[in-house]
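Chains as they are written, first to last, in this note's numbering: chain A, 1 to 631; chain B, 1001 to 1295.
Hints in this document: simulated from the structure, not taken from any laboratory.
Don't take every hint at face value.
FRET-style restraints, in silico, Cβ to Cβ [claimed, not checked]:
#	chain 1	residue 1	chain 2	residue 2	range
1	A	V24	B	D1268	20 to 30 Å
2	A	V24	B	R1248	27 to 37 Å
3	A	S31	B	R1248	42 to 52 Å
So these bits of chain B aren't anywhere near chain A, every CB distance computed over 10 Å [stated by the list, open to error]:
#	residue
4	K1107
5	A1175
6	A1295
Using N, Cα and C, we set each Cβ at its ideal position, and we do this for glycine too.
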Amino acid sequence: MFFANLGIGQFLALFGAVSALSVVLYLLDRSRRRVVVSTLRFWVAAEQPTAVVRRKHIQQPFSLLLQLLSMLLLLLAIAQLRLGTEGGQPRRHVLILETSAWMNARAGRQTLMDRARDRARAYVRALPSGDMVMLVRADALATPATAFEASHRKVENAIADSQPSSTSLNLEQALAFARNVQSANGQRGEVVFVGSGRVAAGESATTDVPKNLRVLPVADTVENAGIRKIGLKRSTTDPDVWDIYVSVKNFGLRQRDVGLAVAVANMPAGSQRLSLPAGAEREASFTYRTRAAGILQARLFPGDAFPDDDRASVQLPALQTLQVTVYTNEPDLLRPFLDANPQVTAVFRPVSQYASNDKGLVVLDRFRPPMRPEGDAIWIDPPPALPPVPIRARVTNPESIRWTSDNSLGAGLRARDVRLESASVFTTAPGDIKVAEVDAGPIIVARPGAKKTVVLGFHPALSGMRYELATPLLFANILHWIAPDTFRAKEISAQSIGTVNIALDTQISPEKVHVSREDGSPVPFTLQGRSLHFFSGAPGTARVTVGDHESVYSLSLPELGETRWQPPGGTRYGLPTFRENAASSHDLWQIFAILGGAGLLLEWLLYGRFTRIMGKARNLLKWPISLRKAS
Amino acid sequence: METAPLLDRNFLEKLERLTIHWQKSFAGLVGGHNPSRFSGGGQEFLDHRQFHHGDDLRAVNWRAYMRLDKMFLKMFQIEPRVPIRMLIDTSVSMAAGDGSKFLYARKLAAALCYVGLVRHDAIAIHPFSTHIGEGKRCGGGRHRFSPVMEYFEGLACTGKTDFTAVVREFISTIAQRGLLIVISDFLDDTSQCERALQYLADFGHEVFLIQLWTEEDRVPPWTGELELEDGETKRLVKIQFDEEARERYTASFDAFSTSIQQLALRNDGKYVGVSTTQPLEDIVFGTLVRSRGIA
């Protein structure tokens, strides 16, 4: 006979305190009270003998005994008094069930997950009935599915509800969690791992494992080759062409020859045959020309026992273009600068056809329109009357141009000793960006705001800059500044769910990095030097913006461990055989609780307020009867 | 600190449609069953009051209605009236416990006074315990009610109840018979209150006995060893009180109430037993009306 919840000292202390409190309350309840009443005539009529001078302190000893006995029984129920030897004290086991993506692989007619569930259920059924089990689902995160549960049926239900996720197993974290939970409860028990144990390469030699670890391995002889990653970006030479890279890995132990087919919008875009030695990873590249949006699909054939990574798809965005309307009477001067960029659609119109409501960017060549453009505009050598930026002076043969390189508009502009015949010098306002200056002042000014405006104080094609490389570069910078979203470099990749690691080109401050989901909600990330890390536990799209560079990650492939975890020596394997010591230990708390409650109820009925309530009810019933009799 | 008035305005307005009733005819006095204040033309006009459902439309002041858009009833004086006397118990037993019994008695007495004032009855209030205290006479309409309220608010409990002495004093000083309302707990340890009340009836008064009690008076909530102190006599008794004793106590109390009731009925009077837990409005418009004490 022993207590499951309390020590004998704790029990005695608790019972002593409760008993003392009961006795004090009892004595207080039955102590003599002084009451001022209206008259004594009815009290005397009650014919109750007057109290003796020497008071008896305990007037209703059975009431007190019944109270104390009931309290004792309730405390025994709380302390969980068990009949049997203490060896039968219930243990608390932590059952780690692997739910990584790999558990969805098929082995015969079953998946690895089915096998793992069977093993977990067999373990639970092998436990003594009093043992408690906590089920922890382990993938990239360790998630407890139940608390320490004495009902094995509930644990089995939780096992049945466990499904493979899309991430790989982080066994180290799961074992640490189990150890912490078990040490916090201070009870005996085992940490049991059920799964294939396929982990990342760095985790294969995890040695910091609990001493009471038991492993129920799930046989894993699945041969699998799968797509690891798809990378896409527009060709640097031809923006209409997508460069497509597909990485394929053989996770199995035998060489595989597989076919890789790529299609865009269900139209074949290419196929290759790959020979994959065991454990090798190969990359295949394709090109595909399209300006339109569509879905790119990559498929491995023939399929294998783990189909989740045999197929991947990624959304291709359409090529964005900037519409430019040029009002000039000499279109040939500006045409080379604008037609050189395939993302620019330029329309040339004579100044007489000017309309202020043109969409996109408007270029005004030495022309002051009656109404200013409603959108963004580039003014080239505007007339002195009512220019967009006040003209301070007109200078002839100014000294060589100086470019300001502290902003994106002047990036890469190195032309020196360029001779200009004449140029307008502008008076800038606060916030204006000076792109180029001569000694007399700025000659190219950019004005940010809702409507972006760039004003050139000279015509590049009618000056010494006409044959300089700086001229198309200047136009490219201006277009990029006016429409950054259109010209932002984009990279698209499809890769596995879980932790995403990105190597950045340069070290950058966290303020310039934005990671967001498809719906725009931010994703927490860490930045360590040039490495950016974030985690996604579910399929979806993540968008990483670093400066003017944007990467879109389609996280749809399952994350797979590369190696198998090797448990350290001394680890127990297989189903245990517990001594049936718990069978000799019977839990009696329900009986004690019922008896204690019944005792308190009996005391209340016999000695408590119940009798007063019944007395009042009887009196209330008698009163109208007596009145009727009197009348 | 300003205390709340005994009766609020809404309750007083409801009381305006009531009348105090009595059954006996007294020599030389008009009234009697007094079913209505309005005995016809030729009587002297006294006052107006609010019109209530059931009033005689012939007595409505239609001129006032045309001007004020409100219906007022004309009232006329009939003299001399049957005097209404009210004996209100101010002994210490009325203040036993939380004092709710005495407060209730004052509220009930004030309500009956207001009913009488509205009907232009002549009312005399006599507080009593060992002797009859300084009384208050009132009459002449509802606008005389404010001094009555102040009088009731100023009453305090003092002394022991001695019905025999009080009745003797009452009969010797007041010769005119009439309606006599007694508001008391009738707990008199000094003498037999039943006999004294019988004297009053025999003298020719129509007695209207209103017995007040608190729940503690009827069903004491205590159990165990009790040291009881009589609030009036300060006598101490130590007893052991249990459920059986409580039942005997309540039976004894009920028997006493029944004896008071029988005394009233035997002498063509009225009796009402009131527990202070019952709302005053329920007592006035329910129990008192059913007993035909007011209508």
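Each hint tested on the structure:
For the pair V24(A) and D1268(B), the supplied restraint of 20 to 30 Å is violated, since their beta-carbon distance comes to about 59 Å. Checked against the given bound of 27 to 37 Å, the beta carbons of V24(A) and R1248(B), roughly 32 Å apart, stay inside it. Here the CB-CB span from S31(A) to R1248(B) is close to 23 Å, at odds with the stated 42 to 52 Å. Every beta carbon of chain A lies more than 10 Å from that of K1107(B), the smallest distance being close to 19 Å; the non-interface claim holds.
A1175(B), annotated as away from the interface, keeps every beta carbon of chain A farther than 10 Å; the closest lies near 32 Å. For A1295(B), the non-interface assignment is confirmed: its Cβ lies about 20 Å from the closest Cβ of chain A, beyond the 10 Å cut-off.
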